[in-house]
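Residue numbers (the working numbering), protein chains in the order written: chain Z, 1 to 460; chain X, 461 to 592.
Note that these hints are calculated values from the structure, not bench results. Mixed in with the good hints, there may be bad ones.
What the hints assert, rightly or not - Straight-line alpha carbon distances no greater than 27 Å define the calculated DSS-like cross-link-like pairs of lysine-lysine that follow: (1) Z:202 to Z:355; (2) X:553 to Z:245; (3) Z:176 to X:578; (4) Z:401 to Z:355; (5) Z:107 to Z:176; (6) Z:107 to X:579; (7) X:579 to Z:418; (8) Z:289 to X:553; (9) Z:294 to X:579; (10) X:579 to Z:176; (11) X:579 to Z:206; (12) Z:294 to X:553; (13) Z:294 to Z:245; (14) Z:401 to Z:202; (15) Z:289 to Z:176; (16) Z:401 to Z:289; (17) X:578 to Z:107; (18) X:579 to Z:289; (19) X:553 to Z:96; (20) X:578 to Z:418; (21) Z:301 to Z:436; (22) X:578 to Z:401; (23) Z:355 to Z:392; (24) Z:245 to Z:71; (25) X:578 to Z:289; (26) Z:385 to Z:401; (27) Z:245 to Z:96; (28) Z:418 to X:553; (29) Z:245 to Z:313.
Claimed, not checked - Here are the simulated distance ranges between beta carbons: (30) Z:50 to X:536: 20 to 28 Å; (31) Z:226 to X:581: 38 to 46 Å; (32) X:497 to Z:368: 58 to 66 Å; (33) Z:42 to X:539: 28 to 36 Å; (34) Z:368 to X:539: 57 to 65 Å.
Stated by the list, open to error - Okay, the calculated bits of chain X under chain Z, using three or more residues with CB under 8 Å as the criterion: (35) 501 to 509; (36) 523 to 533; (37) 546 to 559; (38) 563 to 573; (39) 583 to 592.
Quick reminder that beta carbons are idealized off the backbone N, C-alpha and C, glycines included.
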Amino acid sequence: MRRCLTIWLVTILVGATAAGAQPGRDVLLRSRWDLAVNTAARERGLSLSGGVITHSGGANATAAEKTEVYKAAVDRLLVDPMLRDFFRPDETLINKTTPPEESDWIKRLADSGAGEKGAKAVNAASTNPSAPKVAERSGFTDLVALALDSQNFVAADKAAVSLNLNAVALAGLNSKTLSAPAAYRRYDGLRRLGGTVTFGAKVPEKEITGLSGVPTADTLFDVFSWDVKVRAIGDRDPRAQRWYKVMLGDLGGLGEIAASLGAFVPISELGILTPVLNDTLGAAVQNVKLRLSKSLQVSVKAAGQHLTTEAGKNKYSFAVLGDQGFGDTDLTFNVLYSSTSDVSAAPASALFTVKTWSGAIAVNTLVAEDVLVTGRAIELSLNAKLEVPFDKSALPVEREKVWNVVGAVALPWGDAAKIPVSITFTSDPNNLKKEKYVSGHIGVSYDFGALKSLFKPQTK
Amino acid sequence: MAKKAKKAAGTTLQSIPVTALAGAVAGAPTFPVVVVPPGGTAVVIVDVGAMTVPYTVTYAGTVVIKSLVDRAQPLTLQPGDQVLGWAFAHLTKGWTHTIGVSVNGGVPIVLESRSEAKKDPDHSVNFAIIRS
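Next comes chain Z alone, as it looks inside the complex (with noise of 0.2 Å):
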């Protein structure tokens, strides 16, 4: 199936020259399909009587054969040339509404009781920063998205309060009466930027200075921190123009092609056709997605922290954030470049400023599928952060690179929860303060909470 849907793709990306429907359309697609199903019969030693699938001697297929050869059918049409029109992708359908005259039906049919639109689901979670990762991701698309539901502009928990300028910027600008992509495309230039102000986060400073080293290092900090990220690469949102040749195109033909297809076989034999065309759709969605998800995406990022009951110590950042996925491996790269002023290393002491480069990495992959929980995976990760001290002739302490890499493992647990059991190894032994188990310059952390559940009595 796989192998069909990449040729499929091809085939439809070197035939695309125009869009929109034309007549007969549906002639075509009706004379393609019954030679699409009559060479599917034959190769398989069947033959078509009234439509029906039977054997030489007149007596019926079995279903299993009638989906086999309505699965190989349905594959030779999404490869046939002569349907690449079905394919190409069709704007105009973008900047079309529902026209005033159709508002009635559509509210009577709200009205009967099946109506889902105020059913939408939470978009994002917070975006409080308070839990850093080693590597940061690019994107915001997950703010985007709430913030054209007007939801959760603040997040907050015991540490800090985060607004999400992206809600900010784009309450209110979503619209009832666009399409999607319509919508989307109307404030592109917006969507591209995002940022977030944190009030009230407490931060030692080690982690605004860098030096860990300095008997001050592990003291709190009251700390108002800012920043500002823009989407220079890429857009792994499904409403985003670069999408339009897949979403229109390839999904939209795929879906025509399907919702006529019942009409062309007889009523007897839907309940074995409609199987086998919502396999072939739902397999082409999933594809589509898993596309979108690992395509690549870079932002820029600027950022500051500034202490809010003393002078001095002002950190500004500067970084480039990026994501790619490979097969079922992603991969998150961060590159930045920060600076903090009027450091001193002890009170009353001369001031100076601390320069850093630094680089993250983070791969995450998932493996073993269904061998610990059928339908889950084992997720492992590895990330690699590697800090070097520019400009060390200006420092009167002393200033060494320091590295980390953390290994982890989330094991899956039931149907939601995870185990995930870390260990991390650093060139600075200060940086496992908050591990649970430390021994030289390891440390071990793990979250065995999810195991409860075995103790706790089961229902049904």
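With the hints as your guide, set chain X onto chain Z.
Coordinates of chain X only, in the frame set by chain Z:
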């Protein structure tokens, strides 16, 4: 498995039986049959959330609607049993779709209503029979 149409304000309604057409194989899907009385009318209505893939509605093998937004279209009815088909594919969060048919201007008969909130599959190809 028959439903009776409700009476909408200011509209004279007729009985609109919807029966399930059994699949040829045990366990195979069943398909609703919408009966349109002689001389009657039918309007197919689609109510969707945010769509990035155009959905398609066909009648007797011909495309009636291909769109990214809510639509309603009258069917040019053909005598006998004809297949009404539809296909939806969803990639946006919070997706929903509902498709129904109004016979003689009556309360729409819901043929399919699915959403992410109900944890339905993110795609659907399905059919109904319009008997006129």
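- Message: When the structure is checked against the list of hints, which entries are broken? Sort them ascending.
- Response: 11, 16, 21, 22 and 29
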